[in-house]
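Trainee: One letter stands for each residue in the lines below.
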Amino acid sequence: MSTDPTEAARTAAGSAAPAGSAARTAGSAACTATGRTGRTGRTAAGRARDTGTVRTGADRKRIHLAAHFPGVNSTTVWADPRSRSQIAFSSFEHLARTAERGKFDFFFLAEGLRLREHKGLIHDLDVVGRPESLTVLSALAAVTGRLGLAATVNATFNEPYELARRLATLDHLSGGRAAWNVVTSSDAFTGENFRRGGYLDRADRYTRAAEFVATARELWDSWTDPGPGSPYGTPRRFAHSGPQFEIEGEFTVPRSPQGHPVVIQAGDSEEGREFAASAADIVFSRHGTLEAGRAFYTDIKARLAAYGRKPADLKIMPGVTFVLGDSDAEAQERAAGIRRQQVSPQNAILALEQVWGRDLSAYDPDGPLPAIDPDPDSRLVQGRVRVADPAAVAAGWRALSEAKGLSIRQTVIETTARQSFIGTPETVAAALDTFVQTDAADGFILIPHLTPGGLDDFVDQVVPLLQERGVFRTEYEGGTLRSHLGLPEPVRKG
Amino acid sequence: MSATRSLHLAAEIGGPPHYDAEWYVDLARLAERGALDFITLQDSFGRPGPDALAVLSRVAPATERIGLVPAVTTTHTEPFHVSTALATLDWVSRGRAGWLVGVSATPAEARLFGRRRAAPAAALWKEAGEVAEVSARLWDSWEDDAEIRDVSTGRFIDRDKLHYVDFEGTGFSVRGPSIVPRPPQGHPVVVADGTADPAAETAVRHADVVLIGAGRPEEATALREQLLARAAAHGRDPGTLRVLAALTVHLGDGERPLDPGLESAPHTTVGAGGPHYRGGPAGLAELIAGWHGAGAVDGFHLTPAEPRRDLERLVNGTVALLQHRSLFRTFHPGGTLREHLGLARPANPYASAGGAR
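Quick note, the sequences are listed as chains A and B, same order. Per the numbering used here, residue 1 is the first one in the first sequence, and the count goes up by one each step. Per the numbering used here, residue 1 is the first one in the second sequence, and the count goes up by one each step.
Keep in mind that the hints were calculated from the coordinates and are not lab data. Check before you lean on any hint, since a few could be wrong.
Examples of chain A residues toward chain B, derived with CB under 10 Å [what the hints assert, rightly or not]:
#1 D126
#2 Y232
#3 H240
#4 P243
#5 E246
#6 I247
#7 T298
#8 Y363
Each residue gets a CB set at the ideal place from its N, CA and C atoms; glycine is no exception.
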């Protein structure tokens, strides 16, 4: 699992515009399987018109929507004149209020615990710097009333007692709107900022995550129900003894409005899928194409029965990007423009170096790809998810470059993380609906490319169309995030 | 010290635990109406109550001016998290954050984490000092103008203005830089108890606001002078410290005649949990005016014995009387907690050092 779900969802980044002129930035999130393997083709919106078993009428699934704050990732275009602070509270407030105006299920924050490095230097081409998630969400609870508030928090560099307490506190302060995206890290690079260092073996990441979540649930369940004379209930002693944690005592926070905050999982490995099926309420997935989405969806939902869970108990929400326009052609043009902003000459070389694991600064971004092969043991890139199979990715990039006569920069633009949904509001609404009705997803975590206004048009133009289709709420029905998601109350143990 | 220096007042808003935001928002707004410098919220892993920093973060958008000072303990929390959470509180409150430094001393608290045994107070406070030190370095690890958004070179930051802190403490190390850009105040205001060692040693090294427990103004004067001298010995300018007398106040007894002399201490008693005042709001105003007028302290940190009742009487009675006598501000002229306290925004040593690292 990555410390930042959007990180794994992309290989690299870059921007457009000749040096010395306009905007540039980096990469993009919500990358599709297609993008990562270097296959070109139609956008998700186009593919969504493919056939599938489409639900109709009263049978139609309701779509769930979340808003990912655009920050430290390669989707975010910081050089756009409309781009504002990634750290000022006003930016967070704007995006959260917009999401709540759009009746979204929740607002999502990624996490960073060490600034990313490239070639031993702090990466400076993307947005750098962000606030601590749970503290921002506590403040956002004051300026929103219904919106779910999800924080990514690393289980490696926290302890169950303290994190369970912070999450339960947020759930109380927000009236039942807290969610936790569980990630772990085994990298010693991030560990250099912590007492514990990078002690965790890669193989133990999910072991720790699973025991961490189970322990947190024991703590959340440890108070009695409220009764006469005890409006909050009373604490009961807990004792947990396991391979990762050996703790006992009393929890300081009563059972929270949701019972347990909503748990999100974002890993895609076999262990990650199993962990999600056993313990998560939401999967933040990266399968942005219809086919990959359906395969993932089927796989995950089939795993639930083994844990006594129903298919509806776990929501699958891919992280996706979008570009709107007055016509599909205009939207495509805009999307291409954003890709050029995201993949500058500098960022194209950086993207290449992330795959090759070598210093390629001598290469011309407008020239051909390097003839040398990637270094499989490279430690060039720190603080972000490594490309799984650099040799295969490089081979795919080369094949594409040769077939279409593309330069380094053009190849990076083609292969990394194109936008998921591109078109008129009608086109995008229809495509999103098709994804959900054909069981490629239960909803989406939308990743805008502008801070903080990147969600404005979607809320104003696409949400009403989804509402007209009868697949998205027109008002919040309940007060808690669980109620928005239609999730059952957690079963209380002990 | 001159008796004409500004009077600073702060109040604790904790007490029997509450978990709903409205309870705390109401108390914070009440304190803000009294133009107090800041509110504190105590916290402990060892007794029921919500996470204090989260509560005051929730309070931040619901208030405008008042300083927000949660207790954050350093024994079991990662120093990096302490630093980034406080920096974030400063961002969401637009420069109103402070940090009441605390430690977790009991074996029961240690067992909640299962990571280390309970340690002697001296070791815990030494570590708290190290956490304060590394926090300050992390806050400074971004120069104020590190974010450049230079479109021509494609650089969002000037990486030469970000700094590794490479802190090596007794029991931990931190590489840095922070993930959070330098907070609006530069450093959130550090508040610590200076009544006795070993906590006092941490306070004189790192605190901007030092709280002292004293039953009589002479004691306070002596303690304050001693603390300022110790701070000076550590190379600090004593003028950058504020010393507040900590006092628990029971204002439920109504007014009784009070001898205006400073020794009129039938109303103040020193017991477990520090000095207590029992009496009416007017008597408390007399006491505050007397101690401050004599130059014993820079102000008071008041803990209402019964949170809502005593904070209301404090604001509507005591503070109103002090304002009427022009001894206390009627509004917050500044926007940040440092401005309320008359403390400058700290310079960034990395910036003056210049260059990368």
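Trainee: Less than 10 Å between beta-carbons is the criterion; does A/Y363 satisfy it with respect to chain B?
Mentor: Because about 16 Å separates A/Y363 from the closest Cβ in chain B, which is outside the 10 Å limit, the hint is violated.
Trainee: Checking hints one by one. Is A/Y232 an interface residue toward chain B, by the C-beta closer than 10 Å rule?
Mentor: Where the cut-off is 10 Å and the nearest Cβ of chain B is about 6 Å from A/Y232, the hint holds.
Trainee: Hint validation: A/D126 versus chain B, beta carbon distance must be below 10 Å. Holds or violated?
Mentor: Constraint on A/D126 satisfied, holds at 6 Å.
Trainee: Measuring from the C-beta of A/H240 to each C-beta in chain B, is the shortest one below 10 Å?
Mentor: Holds. Min distance 9 Å.
Trainee: Per the CB criterion, is A/P243 less than 10 Å away from chain B?
Mentor: violated (12 Å)
Trainee: How about A/I247: closest beta carbon in chain B under 10 Å, or not?
Mentor: holds (4 Å)
Trainee: Does A/T298 pass the interface check with chain B, least Cβ-Cβ distance below 10 Å?
Mentor: violated (38 Å)
Trainee: Hint check: is the beta carbon of A/E246 less than 10 Å from a beta carbon of chain B?
Mentor: Holds, about 4 Å.
Of the numbered hints listed earlier, those contradicted by the structure are 4, 7 and 8.
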